[in-house]
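**Student:** In order, the protein sequence lines correspond to chains A and B.
First residue of the first sequence: 1, per my numbering; consecutive thereafter.
First residue of the second sequence: 1, per my numbering; consecutive thereafter.
Some clues are possibly wrong.
Identical copies carry no separate label here, and so any pair may be met within one copy or between two of them.
Below, in silico cross-link-like pairs of lysine to any residue (SDA-like), each with a Cα-Cα straight-line distance of 25 Å or less [said to hold, decoys possible]:
1) LYS262 to GLU317
2) LYS262 to GLY314
3) LYS262 to ARG211
4) LYS262 to GLY38
5) LYS262 to ASP308
6) LYS262 to GLY312
7) LYS215 to GLN286
8) LYS215 to HIS124
9) LYS287 to ARG14
10) LYS287 to PRO214
11) LYS391 to ARG322
12) LYS262 to CYS37
13) LYS287 to ARG211
14) LYS262 to ARG134
15) LYS391 to ASP379
16) LYS215 to GLU282
17) LYS391 to ASP57
18) LYS215 to GLY270
19) LYS262 to ASP36
20) LYS262 to GLN194
21) LYS215 to TRP272
22) LYS262 to PRO136
23) LYS96 to SER364
24) LYS287 to SER133
25) LYS262 to VAL39
Treat the hints as calculated values from the structure; they're not laboratory data.
Spelled out, the chains give:
Number of protein chains: 2
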Amino acid sequence: MSSARPLPVTGAWRPGDEPGHRQFFTFATDRRFALDCGVALSDVTIAYETWGVLDADGANAILLCHAWTGDSHATGPAGRGHPTSGWWDDTVGPGKPIDTDRYFVVCANVLGGCQGTTGPASPHPLDGQPYGSRFPVVTIRDMVRSQARLMEHLGVRRWMAVIGGSMGGMQALEWAVMYPRRIRSMVAIATCMQATAQQIAWGAIGRRAIRLDPKWRDGDYYDAEPGDGPGEGLEIARMVAQVTFRSDNVFTDRFGRELADKAAVGDTLGMWQRFEVERYLEYHGQKLARRFDTNSYLAIGKAMDLHDVARGRGSLERAMARVIAPTMAVGIWSDMLYPAYQQQQIHHTLLANGVPSEYIEIDSPHGHDAFLINSDQLDEPLERFLDGIAKSDT
Amino acid sequence: MSSARPLPVTGAWRPGDEPGHRQFFTFATDRRFALDCGVALSDVTIAYETWGVLDADGANAILLCHAWTGDSHATGPAGRGHPTSGWWDDTVGPGKPIDTDRYFVVCANVLGGCQGTTGPASPHPLDGQPYGSRFPVVTIRDMVRSQARLMEHLGVRRWMAVIGGSMGGMQALEWAVMYPRRIRSMVAIATCMQATAQQIAWGAIGRRAIRLDPKWRDGDYYDAEPGDGPGEGLEIARMVAQVTFRSDNVFTDRFGRELADKAAVGDTLGMWQRFEVERYLEYHGQKLARRFDTNSYLAIGKAMDLHDVARGRGSLERAMARVIAPTMAVGIWSDMLYPAYQQQQIHHTLLANGVPSEYIEIDSPHGHDAFLINSDQLDEPLERFLDGIAKSDT
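Chain A extracted, bound-state conformation (with noise of 0.2 Å):
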């Protein structure tokens, strides 16, 4: 709760701010992007980061998604313009199994984001003033129209492959399902094709925190002075989700029932004396709430909670009936936030349509986030599933 800094009103970038490696692109000037909700954008900007260079056949491309924090830095360092590393630095690079040397890799922060792409803090292109309350609602197949936009902008034709991580996962399966011809191979991460009653379990206590915010003020907190701005809420939401990300045998390993601050309370016993592992959740909370804007959470939550890939499709077995792309699916068996059956049937939906598909199992204690913290189990047959699409003719 205690900082000397205090906290910024929003986490956002904002134009004006450092671009540091972002590029932009605007579309919808002079026509609207539809959302699924019914509601048109105009002037839609995406923040993306490319590396590496597109063949000239335009074979060699991949798109990463990033999941609900994340943002177009996939890899580098933070710096002026990226306040966090590349959320896969250790998988993308220069001789990394998704290798920049070799593969022209795209990453886009998604819309609704708060990293340069629009979302609920950039402005409104009626009045200049944030979007705020008026953003609405997203959904993950926007998320994907936009990127669809992105890559003919870019030049490309199909994906080599279309990567993700939990939310980065949903986005492609959309891609999959949405744009058939458009992608060549998939590989979804620790992700589901329908979220789940739990799923969302989860996401609405954390929107139910945030709207308890008086300082969230309905959405429309922008122009608060710092320090007045949402972040209790959002740092209430981040601790639901992060326990989710985590796993009991890890926080007993690493947490215990050790207690916070020791030194200074002794072996006191008050309410509000913490253990170590609320010192870490809320010290979490906090960073989020530090670097992220609390509309942006909730309007990409609330697309992951939306997220169903049967939804105006007959069925989950039609959706499905679209895919055509050879896939990985990663499960993670500590998981259980997106348990890994939720992969297996990915899995097993795609092989009985006759899709090529193989899964794979991070053997990692981490839970969830276990997609970033032990990503080094996916080296080897991510960088072999890869080369095998990169050498086929499809």
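For this one, chain A is given, so just place chain B on it according to the hints.
**Tutor:** Quick look at chain B alone, frame taken from chain A:
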């Protein structure tokens, strides 16, 4: 959120309210009742209920220990003075596994509770105003010590069995450790020897949600107008707990991705349009807010987080070495909050110490709450276990 009746400021039973089946025992009127936190209480009242008749030799007394939001009303209908029907109606009663024709059964509302036992909503002896923020931190051991006073008052020299699930099981364990010669057996269901970091994490999130509720007023809200008391923070805290009390599979089967109020909202996508699982969680949160006191929820939740039979006793091994009571440990295979490995740990620890112990696992998909939902699976083993104790000489 919307409701015709304004939310009561507290769902606590208050002096002057209909007593229902409660009886009351007040102690520490001339001496002080010392708590683990260093504070001493005076004029401690315990609200309790009894069923059946204590044998002349006093050998047939069973103590039931309730869980977080339970109370002394273990069996019997809701009605005047009792906001809920008995929490273990199917298990406790004439001819039932805990047979009140045969045993003298006692259940007391815990210290810190809100259904007649001294808690944060109770009048402070000094000024008659609710304790509110003045109520000290209590522990499971404090609860058990207060039950030991009640035991003397009732003329019970030894409990034939101390039985409880969840927090009730924590009390059973502490009885076995603190008063090894005053209990002849224990039944510890879906509980643990030490709250884990993950369990503390869930508790901490609930605490933070309550603290964020402006109507909680740092715990001093009892003079608020009806409808202006805390409720939303407690509702969110309960939503967290409710997810951990149930299971992924059952949420999927029961709610899937159904929308609430579908007739009204159609397929419109809106940020605050609820899925059925959200409606369910909010319903349970609001229901609790009507019948429970927010400060009691905090007090009891903290007591659970502080639960550690090893605290101040050198080690877990040394603490558990005090236990001599034959034990039935009960796990639930789908319990994500108190996973079955924790009850197996109790069982194996006792066996290793030469204490008779059996382990039973409830085969239910319902998660933690299965100890109430599927208690029928306990009927036969529980009846047999109690019969064995009743007929033993110990």
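**Student:** State whether the alpha carbon distance between LYS287 and PRO214 is at most 25 Å within one copy, between copies, both, or neither.
**Tutor:** both (20 Å within a copy, 23 Å between copies)
**Student:** Can you tell me if LYS96 and SER364 fall within 25 Å by alpha carbon in one copy, between copies, both or neither?
**Tutor:** within (21 Å within a copy, 46 Å between copies)
**Student:** Indicate which option fits the pair LYS215, TRP272 if close means a Cα-Cα distance not exceeding 25 Å: within, between, both or neither.
**Tutor:** Answer is both: 22 Å inside a copy and 18 Å across each meet the 25 Å cutoff.
**Student:** For the identical chains here, do LYS262 and PRO136 meet the 25 Å Cα criterion within one copy, between copies, both, or neither?
**Tutor:** between (46 Å within a copy, 20 Å between copies)
**Student:** Is it within a copy, between copies, both, or neither that the alpha carbon of LYS262 lies no farther than 25 Å from that of GLN194?
**Tutor:** Answer is between: at 19 Å across copies they meet the 25 Å cutoff, but 44 Å inside does not.
**Student:** 25 Å Cα cut-off: does LYS287 pair with ARG14 within a copy, between copies, both or neither?
**Tutor:** Within one copy, since 19 Å is at most 25 Å while 43 Å is not.
**Student:** Check LYS391 against ASP57 for me: Cα-Cα at most 25 Å, and say if that holds within a copy, between copies, both or neither.
**Tutor:** within (13 Å within a copy, 86 Å between copies)
**Student:** Pop the pair LYS262 and ARG211 into one bin, within, between, both or neither, using alpha-carbon distances up to 25 Å.
**Tutor:** between (33 Å within a copy, 22 Å between copies)
**Student:** When no copy is named, should LYS262 and GLY314 be tagged within, between, both, or neither for a Cα gap of at most 25 Å?
**Tutor:** between (57 Å within a copy, 18 Å between copies)
**Student:** Which holds for LYS262 with GLY312 at a C-alpha limit of 25 Å: within a copy, between copies, both or neither?
**Tutor:** between (55 Å within a copy, 15 Å between copies)
**Student:** Is it within, between, both, or neither for LYS287 and SER133, if the alpha carbons may be no more than 25 Å apart?
**Tutor:** Cα proximity of LYS287 and SER133: one copy only (24 Å, versus 30 Å across).
**Student:** Can you tell me if LYS262 and ASP308 fall within 25 Å by alpha carbon in one copy, between copies, both or neither?
**Tutor:** between (46 Å within a copy, 17 Å between copies)
Hint violations for this structure: none, all hints satisfied.
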